[in-house]
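Residue numbers (my numbering), protein chains in the order written: chain A, 3 to 224; chain B, 3 to 224.
All clues stand as given, with none of them false.
Heads up, the list lumps identical chains together, so a pair's fine if it works in one copy or across two of them.
Heads up, simulated DSS-like pairs for lysine-lysine below, C-alpha to C-alpha not over 30 Å straight-line:
#, residue 1, residue 2
1, K128, K200
2, K159, K121
3, K159, K128
Treat the hints as calculated values from the structure; they're not laboratory data.
2 protein chains.
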Amino acid sequence: MSAALAEVDHVVGYAPYVHRVPQREGLTRHASGNTVEVDRAAFALDLARRGERVAVVSGGDAGVFGMAAAVFEAAEDPAYAGVAVRVLPGVSAVQAVAARAGAPVGADFAVMSLSDRLKPWEVVEKRLRAVAEADLVLAIYNPASRSRREQIAMACKVLLEHKSAETVVVVGRDVGRAEESLSVTTLGELDPPSIDMKCLLIVGASSTRVSPAGVWTPRFVR
Amino acid sequence: MSAALAEVDHVVGYAPYVHRVPQREGLTRHASGNTVEVDRAAFALDLARRGERVAVVSGGDAGVFGMAAAVFEAAEDPAYAGVAVRVLPGVSAVQAVAARAGAPVGADFAVMSLSDRLKPWEVVEKRLRAVAEADLVLAIYNPASRSRREQIAMACKVLLEHKSAETVVVVGRDVGRAEESLSVTTLGELDPPSIDMKCLLIVGASSTRVSPAGVWTPRFVR
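Start from the sequences and build out the full structure, keeping to the hints where you can.
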């Protein structure tokens with residue numbers, strides 16, 4: 003990752019991530035707002051088409067609810083045919099939260115975004131039901147935002163139709179940053195208004211348990 | 003990760019991973035066979051209980067079908083009460099394969115092990131159906147082993163009951179090693195006998211597509 007960043011002429015991305023890349027001679031940093039992923043990607047592809055070397059940065063893993071899919075989306079434009087795209091993996095937010103908690107995703111799991119900005123709520127709800135019925139551990143990205151405050155309560159209601167109120171839930175906030183916090187609760191006790199855009203949730207399978215050593219999901223199903 | 007490995011007295015794990023940790027004075031490397039995860043974890047906890055500092059290593063991310071859950075499983079034994087366990091995340095195999103292919107897990111996805119060594123096949127099949135019906139991207143760990151050759155064909159059959167034969171499938175083999183290879187096929191064209199224990203599969207959602215720039219799944223569902 004550092005090697006790739008050392009070789010580029012431009013860094014493009016959401017401001018907090020761009021600012022983590024140290025300034026150096028020959029590097030131009032382009033910081034943008036959130037929620038303009040495809041514009042940002044097209045801007046990067048424009049630079050690359052003109053022969054510049056460009057890195058688009060994300061938090062966590064760019065391939066997991068990061069900028070990678072937005073870059074491929076923008077690259078569908080024939081204007082960018084011939085621009086080479088390479089994705090470098092990183093540690094995703096779900097893995098950072100899981101490791102801090104113990105081993106909650108130690109068995110089959112699903113990863114979903116709760117945002118209905120890019121898909122209808124009916125699709126979110128259908129997927130929540132499928133994951134709950136199959137008793138998969140579920141990591142939830144984007145559980146809330148400034149404008150989306152109701153979804154997490156709606157999601158809990160849907161999950162509680164298929165899962166026990168005793169199901170273990172891990173709430174990670176700002177994990178990997180100085181102000182990080184982690185709490186362990188249950189699906190029945192989870193307080194939706196306490197969940198904001200900085201949170202990532204891991205909702206356990208029926209077998210997920212809390213031990214003195216940490217939260218973990220057995221590898222086996224008996 | 004390197005900082006943690008520099009501080010331990012012992013490294014414990016499956017031989018190929020243990021041998022990646024450079025030998026140094028004061029470090030004892032304990033290499034074991036595969037498929038004895040909990041014995042290996044108990045061995046590590048025994049050392050730790052006697053005051054030794056021990057690292058248990060896995061390939062990819064220890065928290066994703068790696069050794070972390072096995073360590074927590076062994077740590078349930080009251081003999082190990084008081085042994086502190088800390089998990090450090092890494093880049094999992096699914097992320098390594100995804101990044102090499104493009105952005106196939108750019109939307110909601112599930113990660114499953116196809117092995118029926120630790121869960122009944124009926125559970126595997128039920129989960130495959132749920133994931134397929136919910137149109138999640140699906141990463142498949144342990145698609146085959148020396149003794150398990152039939153599961154991947156059975157899984158394809160189940161998935162084809164719910165998904166199109168045109169569904170994009172990425173097959174990564176030994177990704178991250180010198181001998182790595184990657185191929186892109188479809189669910190209908192996938193050749194089960196070609197899949198072995200070194201493979202990780204990513205079965206696309208209905209929207210997953212192959213572009214000149216790579217394989218990607220749109221973030222949106224319309």
